[in-house]
Amino acid sequence: MAPMAPLNASKTAINPQEKEEKTSYSRSFTSLPVDVLLRVFQWTDSSLPRMKLVCRHFYNIIKEHSQALPMIAIERLSINGFKPQHGLPPNMLYFWIEKVTQDRRFQKKTFLSGHALIVDGQANSDRPKLSELLRHIKITRLLHFHQMALNESLLTELTQPWIDLSDVFMLDFYFVERDASVENGLRQLLAKVNPNILNFAANCRTTPELVADYFPEHMSHPSLPIDPVELNDAHLIWLINQRDYTLKNLTMLSDSTSISIHGIIDFIHCWLRKNPDGFEKMTKLCFGKIASSRQEIHDATDCQHMIDTDLSDEHAAELVSANLRDPTRLLHIVCRYQDV
Amino acid sequence: MIQLCSNDDPPVSFTVPRKAVELSKTIKTMLEDLEGFDMEQTPIPLPNVDAPTLELIVKWVEQHQDDPPPVEKPRVEDDDSDDSDADDDQEPEVVIPEWDKKFLPTDDEQKNQLFKLLNAANYLEIKPLLDIGCKYVADKISGQTVEWVRDYLNMENDYTPEEEAKLKEEIAWAEGL
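For the protein sequence lines, the chains are F and U, in the order given. With the UniProt record's numbering, letter number 106 in the first sequence gets 106, and the count goes up by one each step, no holes. With the UniProt record's numbering, letter number 34 in the second sequence gets 34, and the count goes up by one each step, no holes.
No lab work stands behind these hints: they were computed from the structure. Be a bit skeptical, because a hint or two may be false.
Said to hold, decoys possible - Straight-line C-alpha distance at most 30 Å; calculated DSBU-like pairs for lysine-lysine: (1) Lys166/U x Lys101/U; (2) Lys168/U x Lys102/U; (3) Lys25/U x Lys192/F; (4) Lys166/U x Lys127/U; (5) Lys166/U x Lys108/F; (6) Lys59/U x Lys108/F; (7) Lys63/F x Lys140/U; (8) Lys63/F x Lys135/U; (9) Lys138/F x Lys166/U; (10) Lys63/F x Lys111/U; (11) Lys168/U x Lys138/F; (12) Lys63/F x Lys166/U; (13) Lys63/F x Lys168/U; (14) Lys59/U x Lys111/U; (15) Lys102/U x Lys19/U; (16) Lys129/F x Lys166/U; (17) Lys127/U x Lys101/U; (18) Lys140/U x Lys138/F; (19) Lys63/F x Lys129/F; (20) Lys108/F x Lys168/U; (21) Lys19/U x Lys135/U; (22) Lys108/F x Lys63/F; (23) Lys129/F x Lys101/U; (24) Lys192/F x Lys274/F; (25) Lys138/F x Lys135/U; (26) Lys59/U x Lys102/U; (27) Lys102/U x Lys166/U; (28) Lys25/U x Lys59/U; (29) Lys101/U x Lys168/U; (30) Lys127/U x Lys59/U; (31) Lys19/U x Lys127/U; (32) Lys25/U x Lys166/U; (33) Lys108/F x Lys102/U; (34) Lys168/U x Lys127/U; (35) Lys63/F x Lys127/U; (36) Lys28/U x Lys59/U.
Said to hold, decoys possible - So the derived list for chain F, only partly shown, Cβ under 7 Å to chain U, looks like this: (37) Arg39; (38) Trp43; (39) Thr44; (40) Arg56.
The structure presented is a predicted model; accordingly, all values stated were derived computationally and were not measured. Note that beta-carbon positions come from the ideal geometry of N, C-alpha and C, so glycine has one too.
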């Protein structure tokens, strides 16, 4: 389309200085209104937090509207109170990225099912606040606090309105020092999350504790230590057959073990045969598993499917307690695999 | 046909089919308000749009005048409904059509023209053009360093070194995700 002179050219003449200001204004990216900038930010995916570093204007917009912007899904977030240490635990194979800052160490691990983020160091410090760390994160499975103080400050941070805990399957406080004055903060937290997802260290039985309780002969003979990695399917069945064996509220086999998915399935079936009433109220089992093949991932999926459907549907009602039909899954398998 | 005038001195005017120009909600509303006047003889001045930008706008609306109308959805800032159905709340994926990819001024030396086009599309309320422009800029800055984004968007670092260090700590977790 060829441009043509306007009919009322003289009426629309603009002062050059005014025009320069107008032109400068209208060509600037930041002159766009907030709702348009938000449209840009909503498509920046995992780069969104970085956009806050560009300038104060971006920071204020993203912070003010964080709840309207897409969040980054993290499957598991662990906050560890102890000082950052280098090195990874043995027997664990991950694809991971590490970033060390002045106060913290961040490890990002990528599994087939999603990302895990581990933060070490000074979670209660004000540099920066935990609530700012969590502003753009949507945790889809586990939020885990380890070796730190559970105090009013931490609970206040967790109950900030922009923190989304709606999809958290388990909120785990492990080896935390519980401050006596946290009742009010806990009440606020309970108003925000389903109480069934809360777990405290006192209720937790982990792999080393199981070993200490049920394989004491190994513990008393240092020459015959039973490393968690040696814990196998036969041990699980042996455990079930012990008369005094009871499941604590949370049983975690979270270390790298030799227990197979089929062993977990047999364990569940044996337990149900032994205890027709099913699992005690609030029982949670968590099997951490480093898969050695893709087939194990499929087996784990099948096992989780059995837990979600076969054990909790109407046909199995005579076998399991009502707890298993609770919408909150009581049995949970974390199966990890790295293609090496 | 409708005449649109740029903010240049002297102004430059473009003659555009009414159907095409009505892709601009701003101009469509104006034409509806002035129903009864002979708008074909009255140029519409656009004080926020210069001639090169207006030429791009005219080219785009003429190309898209026969497109089906976009589905109306509230913008992010206005969307305060408490509809909990996540599927309904999700914005449809914006895909930049091939013609538009060639149309957008995407060379680095043309970036100021792109920003002027975005401002004009916003002023004239041409949502589909604004969407593809925003999507293009979002794709362009995603994954880039902060310094690169500042340079691309012509922005100054207005943080103190202390503030910047604190912010880097705040977002450190997101690096590499």
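Decide if the proposed pair is consistent with the structure: Lys19/U and Lys127/U, CA atoms, cutoff 30 Å inclusive. holds (16 Å)
Restraint check for Lys166/U with Lys127/U, where alpha carbons must lie at most 30 Å apart: violated (37 Å)
What's the verdict on Lys59/U and Lys111/U, does the C-alpha distance respect the 30 Å limit or exceed it? At roughly 18 Å apart (the allowed maximum being 30 Å), Lys111/U and Lys59/U satisfy the hint.
Under 7 Å, Cβ to Cβ, is where Arg39/F needs to be relative to chain U, so tell me if that hint holds or is violated. With a closest approach of 4 Å, the Arg39/F hint holds.
Are the Cα atoms of Lys127/U and Lys59/U separated by 30 Å or less? holds (16 Å)
Decide if the proposed pair is consistent with the structure: Lys168/U and Lys127/U, CA atoms, cutoff 30 Å inclusive. violated (35 Å)
Check whether the Cα positions of Lys63/F and Lys168/U lie no farther apart than 30 Å. holds (15 Å)
Given the proposed pairing of Lys101/U with Lys168/U, does the C-alpha separation stay at or below 30 Å? violated (34 Å)
Hinted pair Lys129/F and Lys166/U, Cα distance within 30 Å: Given pair Lys129/F, Lys166/U holds - Cα atoms ~10 Å apart, limit 30 Å.
Hey, Lys25/U versus Lys166/U, does the alpha-carbon distance stay inside 30 Å? Not satisfied, since the Cα-Cα distance of roughly 43 Å exceeds 30 Å.
For the pair supplied as a hint, Lys63/F and Lys140/U, confirm whether the alpha-carbon distance does not exceed 30 Å. holds (22 Å)
Proposed proximity, Lys166/U with Lys102/U (alpha carbon, max 30 Å): violated (41 Å)
Going down the numbered hints, you'll see the structure goes against 1, 2, 3, 4, 6, 23, 24, 27, 29, 32, 33, 34, while the others check out.
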